[in-house]
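J.: For reference, the chains in residue letters:
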Amino acid sequence: SQQGEEDPQALSIQEGENATMNCSYKTSINNLQWYRQNSGRGLVHLILIRSNEREKHSGRLRVTLDTSKKSSSLLITASRAADTASYFCATVYQAGTALIFGKGTTLSVSS
Amino acid sequence: DSGVTQTPKHLITATGQRVTLRCSPRSGDLSVYWYQQSLDQGLQFLIQYYNGEERAKGNILERFSAQQFPDLHSELNLSSLELGDSALYFCASSEGLDHNEQFFGPGTRLTVL
Chain A
185 SQQGEEDPQA LSIQEGENAT MNCSYKTSIN NLQWYRQNSG RGLVHLILIR SNEREKHSGR
245 LRVTLDTSKK SSSLLITASR AADTASYFCA TVYQAGTALI FGKGTTLSVS S
Chain B
40 DSGVTQTPKH LITATGQRVT LRCSPRSGDL SVYWYQQSLD QGLQFLIQYY NGEERAKGNI
100 LERFSAQQFP DLHSELNLSS LELGDSALYF CASSEGLDHN EQFFGPGTRL TVL
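Quick note, the sequences are listed as chains A and B, same order. This note's numbering numbers the first residue of the first sequence as 185 and each following residue consecutively. This note's numbering numbers the first residue of the second sequence as 40 and each following residue consecutively.
These are calculated hints, taken from the structure and not from any lab test.
Below, simulated DSS-like cross-link-like pairs (lysine-lysine); rule was C-alpha separation at most 27 Å, straight line: (1) Lys96(B) <-> Lys254(A); (2) Lys210(A) <-> Lys254(A); (3) Lys210(A) <-> Lys96(B); (4) Lys253(A) <-> Lys210(A); (5) Lys287(A) <-> Lys48(B); (6) Lys253(A) <-> Lys240(A); (7) Lys240(A) <-> Lys210(A); (8) Lys287(A) <-> Lys96(B); (9) Lys96(B) <-> Lys48(B); (10) Lys287(A) <-> Lys253(A); (11) Lys240(A) <-> Lys254(A); (12) Lys210(A) <-> Lys287(A).
These numbers were taken from a predicted model, which means no experiment stands behind them.
If we strip away everything but chain A, and leave its shape as in the complex, we get (with noise of 0.2 Å):
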């Protein structure tokens, strides 16, 4: 089953406005990542953040991590077209040996 749960299943925009995504996941993790996946194409890794971490900022990306409540979430400041996309959190268990893929976001942004 899933480890990471992500939230809204799709999200539709604007260009220009933010685009916030939120994961939640059920133990305890040794880093959260996210993917962005195009259309039937391959995933491309954006931003890992550890378990000891509160907050990672990369570009237009923020990530968030709240270890206490077993959530992250992903921030798309400024979106744009180019941004459509399937959005995936994945988690490291602690103890664990794979990446585990919660079921997306489906994000479209309209110009």
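Following the hints, position chain B against chain A.
T.: Just chain B now, kept in the frame of chain A:
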């Protein structure tokens, strides 16, 4: 371009058949991972190899097997194929053992008729 290559891009075959999917990792990466992506199951981790050795196993069926060769390329063998095996199969690679920052190939779309 992630630097990970997969062949073939598309594969159409019949139930009961056997197929082999091939993956070449990014230069310098020692870990190779295989994933299956389907509409109902989402993205599922199958297996990881590191420098030729199996390191982690996920939801991989007994009908499926994989190996990593001395040149670090990997093959995923799927046998006795069923309709439900139709899916996108991704290979990913990373430098080390720890499942961080994986680089994904473009995938092989398998259709079992």
